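Engineer: What follows is the residue order along each chain.
There are 4 protein chains.
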Amino acid sequence: MSIPSSRFMKKIIIQLFCPDQKGIISRLTSILFDAGLSISSIQQYIDREKGNFYMRLAFMHNLKQEIPTKELLDLNEKLNGKIEIIDADQKLNVAILGTKESEPVYHLLIKNKSKELKCSFPVLISNHNQLSNVADKFNIDFFEITDNEKILKTLKSNKIDLVVLARYMQIIPESIIKHYKNKIINIHHGFLPAFKGAKPYHQAYEKGVKIIGATAHYVTNDLDEGPIIYQDTIHINHKHSIKDFIQLGRQIEKGVLYKAVKSHLDYKVIVFDNKTIIFD
Amino acid sequence: MSIPSSRFMKKIIIQLFCPDQKGIISRLTSILFDAGLSISSIQQYIDREKGNFYMRLAFMHNLKQEIPTKELLDLNEKLNGKIEIIDADQKLNVAILGTKESEPVYHLLIKNKSKELKCSFPVLISNHNQLSNVADKFNIDFFEITDNEKILKTLKSNKIDLVVLARYMQIIPESIIKHYKNKIINIHHGFLPAFKGAKPYHQAYEKGVKIIGATAHYVTNDLDEGPIIYQDTIHINHKHSIKDFIQLGRQIEKGVLYKAVKSHLDYKVIVFDNKTIIFD
Amino acid sequence: MSIPSSRFMKKIIIQLFCPDQKGIISRLTSILFDAGLSISSIQQYIDREKGNFYMRLAFMHNLKQEIPTKELLDLNEKLNGKIEIIDADQKLNVAILGTKESEPVYHLLIKNKSKELKCSFPVLISNHNQLSNVADKFNIDFFEITDNEKILKTLKSNKIDLVVLARYMQIIPESIIKHYKNKIINIHHGFLPAFKGAKPYHQAYEKGVKIIGATAHYVTNDLDEGPIIYQDTIHINHKHSIKDFIQLGRQIEKGVLYKAVKSHLDYKVIVFDNKTIIFD
Amino acid sequence: MSIPSSRFMKKIIIQLFCPDQKGIISRLTSILFDAGLSISSIQQYIDREKGNFYMRLAFMHNLKQEIPTKELLDLNEKLNGKIEIIDADQKLNVAILGTKESEPVYHLLIKNKSKELKCSFPVLISNHNQLSNVADKFNIDFFEITDNEKILKTLKSNKIDLVVLARYMQIIPESIIKHYKNKIINIHHGFLPAFKGAKPYHQAYEKGVKIIGATAHYVTNDLDEGPIIYQDTIHINHKHSIKDFIQLGRQIEKGVLYKAVKSHLDYKVIVFDNKTIIFD
Chain A
4 MSIPSSRFMK KIIIQLFCPD QKGIISRLTS ILFDAGLSIS SIQQYIDREK
54 GNFYMRLAFM HNLKQEIPTK ELLDLNEKLN GKIEIIDADQ KLNVAILGTK
104 ESEPVYHLLI KNKSKELKCS FPVLISNHNQ LSNVADKFNI DFFEITDNEK
154 ILKTLKSNKI DLVVLARYMQ IIPESIIKHY KNKIINIHHG FLPAFKGAKP
204 YHQAYEKGVK IIGATAHYVT NDLDEGPIIY QDTIHINHKH SIKDFIQLGR
254 QIEKGVLYKA VKSHLDYKVI VFDNKTIIFD
Chain B
4 MSIPSSRFMK KIIIQLFCPD QKGIISRLTS ILFDAGLSIS SIQQYIDREK
54 GNFYMRLAFM HNLKQEIPTK ELLDLNEKLN GKIEIIDADQ KLNVAILGTK
104 ESEPVYHLLI KNKSKELKCS FPVLISNHNQ LSNVADKFNI DFFEITDNEK
154 ILKTLKSNKI DLVVLARYMQ IIPESIIKHY KNKIINIHHG FLPAFKGAKP
204 YHQAYEKGVK IIGATAHYVT NDLDEGPIIY QDTIHINHKH SIKDFIQLGR
254 QIEKGVLYKA VKSHLDYKVI VFDNKTIIFD
Chain C
4 MSIPSSRFMK KIIIQLFCPD QKGIISRLTS ILFDAGLSIS SIQQYIDREK
54 GNFYMRLAFM HNLKQEIPTK ELLDLNEKLN GKIEIIDADQ KLNVAILGTK
104 ESEPVYHLLI KNKSKELKCS FPVLISNHNQ LSNVADKFNI DFFEITDNEK
154 ILKTLKSNKI DLVVLARYMQ IIPESIIKHY KNKIINIHHG FLPAFKGAKP
204 YHQAYEKGVK IIGATAHYVT NDLDEGPIIY QDTIHINHKH SIKDFIQLGR
254 QIEKGVLYKA VKSHLDYKVI VFDNKTIIFD
Chain D
4 MSIPSSRFMK KIIIQLFCPD QKGIISRLTS ILFDAGLSIS SIQQYIDREK
54 GNFYMRLAFM HNLKQEIPTK ELLDLNEKLN GKIEIIDADQ KLNVAILGTK
104 ESEPVYHLLI KNKSKELKCS FPVLISNHNQ LSNVADKFNI DFFEITDNEK
154 ILKTLKSNKI DLVVLARYMQ IIPESIIKHY KNKIINIHHG FLPAFKGAKP
204 YHQAYEKGVK IIGATAHYVT NDLDEGPIIY QDTIHINHKH SIKDFIQLGR
254 QIEKGVLYKA VKSHLDYKVI VFDNKTIIFD
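For the record, the sequence lines run as chains A, B, C and D. One gets the numbering used here by counting positions in the first sequence from 1 and adding 3 to each. One gets the numbering used here by counting positions in the second sequence from 1 and adding 3 to each. One gets the numbering used here by counting positions in the third sequence from 1 and adding 3 to each. One gets the numbering used here by counting positions in the fourth sequence from 1 and adding 3 to each.
Take these hints with a grain of salt, some might be off.
Note: identical chains are not told apart, hence a pair may lie in one copy or across any two.
Straight line, CA to CA, 20 Å or less: simulated EDC-like cross-link-like pairs of lysine to aspartate or glutamate [what the hints assert, rightly or not]:
no., residue 1, residue 2
1, K85, D247
2, K186, D227
3, K199, E209
4, K114, D139
5, K199, E52
6, K210, D235
7, K246, E119
8, K156, D144
9, K103, D23
10, K25, D269
11, K159, D139
12, K121, D283
13, K116, D139
14, K246, E52
15, K184, E87
16, K53, D247
17, K246, D50
18, K114, D247
19, K199, D227
20, K199, E228
21, K103, E119
22, K121, D247
23, K14, E52
24, K14, D92
25, K13, E209
26, K242, D269
27, K246, D92
28, K14, D50
29, K242, E119
30, K25, E74
Just so you know, the hints here were simulated from the structure itself, not pulled from any lab data. Fair warning: this is a prediction, and the values are worked out from it, not measured in the lab.
Turn these sequences into a full structure, and let the hints steer you where they fit.
Structural biologist: Following this line, the structure appears as structure tokens:
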């Protein structure tokens with residue numbers, strides 16, 4: 004009987020970060036080879052300035068094959084590293100926080116429906132009721148909350164793994180950030196580090212720039228200063244009003260946010276020292 | 004006898020800037036129509052916020068046709084405007100100032116040789132002797148000068164209409180700027196207003212941005228703050244070192260500078276209030 | 004009493020296409036000036052090879068001002084032209100035809116909801132029932148129809164002005180095309196004229212191209228040969244499978260289709276000789 | 004005594020292409036680890052459809068370390084592979100063939116002078132004398148040759164490793180191609196596979212496309228059909244004449260050609276089945 008083998012195959016992702024040293028790849032891949040496992044992709048990066056080694060490796064295993072977890076953890080200890088062994092098929096729970104702007108919210112939900120984003124979106128939280136109809140359209144729970152304690156409680160009770168700020172016009176307090184370190188992604192409608200803070204399009208208009216941008220980054224306690232994940236820009240000219248900036252900006256914001264969320268969900272991001280390594 | 008008429012045709016460009024009011028286009032084009040002249044292009048822009056009207060109009064005339072200069076100047080006075088009537092065939096004299104970086108200098112000289120830039124490049128001035136071989140290759144005069152008074156003297160004696168700073172690593176003093184208001188174009192290897200001043204690539208590297216940029220702008224007394232003419236950006240990633248930034252940046256710098264210079268030479272730029280109107 | 008004047012102001016757009024000749028702009032703008040009307044934008048293009056003149060002009064009028072329709076039509080006759088005088092505030096009725104792909108349909112409906120597209124979408128027609136839930140989400144009528152006669156009837160009974168094929172996987176017959184000349188916009192998921200017809204991504208994959216594209220064009224009786232309105236491209240590489248092509252292509256298709264539809268709805272398109280003039 | 008160690012370090016690149024199978028990376032990296040060598044980068048790609056494995060690996064060795072060539076060749080045989088062990092510091096000899104267009108020729112020579120391209124350019128060959136002054140500027144030998152036998156002789160006598168057709172307007176005969184399989188790079192000023200053959204800009208203009216492109220590819224006996232290395236595109240509009248296409252196209256052609264040549268010189272290209280794997 005012929006059954007597609009992929010039904011019994013699972014994908015495992017290893018993220019490794021350690022001081023650079025000889026033989027990392029050889030030793031790690033030997034462990035997998037000895038266990039009879041087949042590597043499907045390997046990407047590494049050496050930061051020579053800092054002497055750091057970063058790796059993302061994916062392999063397949065079937066139900067009969069054991070993952071050599073002990074050997075991998077032993078190696079990690081010898082390398083003085085930080086390893087993560089991740090079941091790639093397990094879906095993360097993602098909360099969307101928004102205010103009034105609906106397009107980036109729609110975009111995430113549509114991409115989820117078409118299976119391009121592999122996650123669950125159990126809740127949409129907003130300080131405003133305007134997005135409730137978007138939540139309704141996609142049958143997800145909508146919460147209008149302004150109190151940060153209640154937001155944290157809602158995130159916890161829904162077992163949220165990742166928080167996405169889809170043009171959420173409120174500052175996230177330290178009390179929430181500390182629970183979600185490098186697990187809150189914000190989209191800023193400006194080309195950071197230019198035009199931080201409020202009304203970046205107004206700042207750009209006053210300055211007379213010929214390009215506007217959008218930046219997705221992890222949220223830290225320093226406003227709009229967290230590690231940048233993805234950025235994009237679009238040409239504008241003197242004819243464009245601030246209203247045009249908003250419409251043109253929308254074309255790139257939702258894409259930038261989507262790509263950042265997708266990279267996170269695919270375990271392609273490693274954060275070190277306020278910078279990101281993004282494997283492609 | 005059949006002679007190509009264009010040999011006897013000259014192109015005139017009118018730039019007009021005035022308070023917005025009814026009938027500007029109608030009155031101006033009627034003057035040209037009455038003189039039997041044929042409009043080849045017209046572009047206008049109304050800044051509603053400031054109530055300003057900007058126009059660039061090109062028309063052709065043959066040697067038998069008179070340009071209705073008096074009527075145009077009368078209209079300009081009525082409109083309380085600022086008009087320029089320009090012989091488009093007259094070549095401007097452009098001085099290039101550089102330091103060590105050769106690629107943007109090469110680019111301008113090659114574009115001039117292929118007739119894409121219609122100007123003369125009588126002099127290349129540098130605070131360093133490294134670019135003298137580039138000047139030699141294209142048979143233009145090279146001056147190694149560090150004294151600003153001598154630079155100004157050289158610009159004047161060569162009847163320079165436009166000064167191009169092609170990665171010139173010195174600050175232009177007020178004494179030169181006041182003689183060349185909106186006539187000095189600088190290329191900054193960063194996405195202004197982010198990363199002003201020295202070593203923008205180092206700043207960008209430290210910040211961990213995912214895009215770097217280049218900005219061409221007119222030079223004013225405020226460093227890297229003058230009216231922006233053109234900008235471009237390029238995606239970078241964690242693998243790129245500062246040396247890579249320099250090489251990738253070169254790909255866009257020379258193009259950005261070239262486009263800004265070309266727009267200026269084609270009389271497509273109007274400056275108002277530290278912003279530019281760039282007709283396409 | 005201070006009432007915002009724009010409430011009483013209407014916008015009129017004039018599209019003019021005629022043989023190039025002297026005085027077109029002067030004569031036309033004089034008619035408007037004499038009627039006390041204020042031009043808000045003017046764009047023209049002269050095709051020197053064919054000797055054609057194309058213009059799009061917008062002006063505002065209040066309820067007390069009469070539009071000098073007779074004078075404009077008289078001028079048009081003298082110019083041997085084709086003029087259209089359009090009430091820009093009147094919404095067009097647009098029908099969407101789709102099959103299974105939902106993203107370009109969502110995109111149009113979301114842009115309409117956010118008022119970026121000024122039109123009505125009374126019907127979504129499909130040869131498949133999969134898109135009915137998208138129609139439901141946005142409260143528009145859904146029709147599952149495969150018979151072309153019935154489609155034409157539905158378009159007519161809904162007074163459709165523009166038909167948008169949003170990845171509609173059926174060929175539009177001549178019987179429909181003849182009723183909607185230059186009024187059916189298709190999005191083709193390939194860079195036309197390369198990769199016409201079915202499965203353009205498969206063709207691109209086989210060929211090993213490094214860029215894929217999307218093309219929005221008016222539908223004519225020659226498959227994928229009608230006048231091109233807008234195109235965009237995206238870089239791909241050897242790692243991308245056909246499934247990746249589909250996902251990456253989606254990023255540009257919906258934007259290309261949206262821009263083409265928007266240009267049409269803003270009366271910025273003039274078609275001549277299987278090519279388009281697109282005013283910006 | 005402190006001597007920069009890099010002076011004694013050499014970079015070796017391994018390109019491997021074989022049927023996909025378990026343990027390739029593990030076995031290969033173990034050989035290098037056992038020899039005390041340090042991997043500086045590794046990139047691999049598995050073509051699942053064809054069952055092929057492709058790899059590019061770079062490592063450093065000092066003069067005291069031996070390269071385990073025998074072990075690598077033995078492994079290659081077991082894998083039924085095709086391995087190349089390359090001294091990355093050895094410069095290739097590159098011949099440029101051009102006709103009249105000078106910009107892509109300048110670009111390659113300037114990039115070589117700034118050390119961005121690591122190769123030697125001993126000869127510039129042309130069927131025309133117009134480019135001789137470009138050769139003079141950069142002190143390289145210029146040959147005006149139209150006879151293909153003489154061209155081949157000149158390539159051989161100069162020990163040419165790579166031939167670059169920088170807008171060379173002649174067809175390369177089979178007699179030359181067979182000596183330089185996947186070693187002749189052409190730049191075509193069109194977005195292949197659209198607009199093959201002569202006058203692609205004229206074809207694009209007639210078709211009314213909104214984007215033009217450029218394609219760098221290896222030359223095979225089928226005109227403009229060889230494996231594509233790199234492509235780029237640029238937006239155009241109805242206002243652009245064929246002359247404008249030529250000027251706009253120049254902006255991308257030289258960059259596309261440069262990137263293709265650079266990838267080749269950095270041993271980042273593997274060709275299989277008329278397609279390229281380009282490691283980044």
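Engineer: Could you place K242 and E119 in one of the four classes (within, between, both, neither) given a Cα distance threshold of 20 Å?
Structural biologist: This pair counts as between: shortest inter-copy Cα distance 17 Å, intra-copy 36 Å.
Engineer: Using 20 Å as the alpha carbon limit, work out where K246 and D50 are close: within a copy, between copies, both or neither.
Structural biologist: between (42 Å within a copy, 14 Å between copies)
Engineer: Taking 20 Å as the upper bound on the Cα-Cα distance, should K199 and E228 be classified as within, between, both, or neither?
Structural biologist: Both: 8 Å inside a chain and 18 Å across chains, each within 20 Å.
Engineer: For the identical chains here, do K199 and E52 meet the 20 Å Cα criterion within one copy, between copies, both, or neither?
Structural biologist: Answer is neither; intra-copy 29 Å and inter-copy 25 Å both fail.
Engineer: For the identical chains here, do K199 and E209 meet the 20 Å Cα criterion within one copy, between copies, both, or neither?
Structural biologist: both (14 Å within a copy, 17 Å between copies)
Engineer: At most 20 Å between alpha carbons: which applies to K14 and D50, within, between, both or neither?
Structural biologist: Answer is between; shortest inter-copy Cα gap is 17 Å, intra-copy 27 Å.
Engineer: State whether the alpha carbon distance between K186 and D227 is at most 20 Å within one copy, between copies, both, or neither.
Structural biologist: For K186 and D227, only the intra-copy Cα distance (15 Å) is at most 20 Å; the inter-copy one is 37 Å.
Engineer: Classify it for me, K25 with E74: is the Cα-Cα distance of at most 20 Å met within a copy, between copies, both or neither?
Structural biologist: For K25 and E74, both the intra-copy (18 Å) and inter-copy (19 Å) Cα distances are at most 20 Å.
Engineer: Give the relationship of K242 and D269 under a CA distance limit of 20 Å: within one copy only, between copies only, both, or neither.
Structural biologist: For K242 and D269, the Cα distance is within 20 Å only across copies (16 Å; inside one copy 40 Å).
Engineer: I want to check one pair: K103 and E119. Are their C-alpha atoms no more than 20 Å apart within a copy, between two copies, both, or neither?
Structural biologist: between (25 Å within a copy, 16 Å between copies)
Engineer: With 20 Å as the alpha-carbon cut-off, assign the pair K116 and D139 to within, between, both or neither.
Structural biologist: both (14 Å within a copy, 16 Å between copies)
Engineer: Is it within a copy, between copies, both, or neither that the alpha carbon of K156 lies no farther than 20 Å from that of D144?
Structural biologist: Answer is within: at 15 Å inside a copy they meet the 20 Å cutoff, but 41 Å across does not.
Consistency with the previously given hints fails for numbers 1, 5, 9, 10, 11, 25, ordered from lowest to highest.
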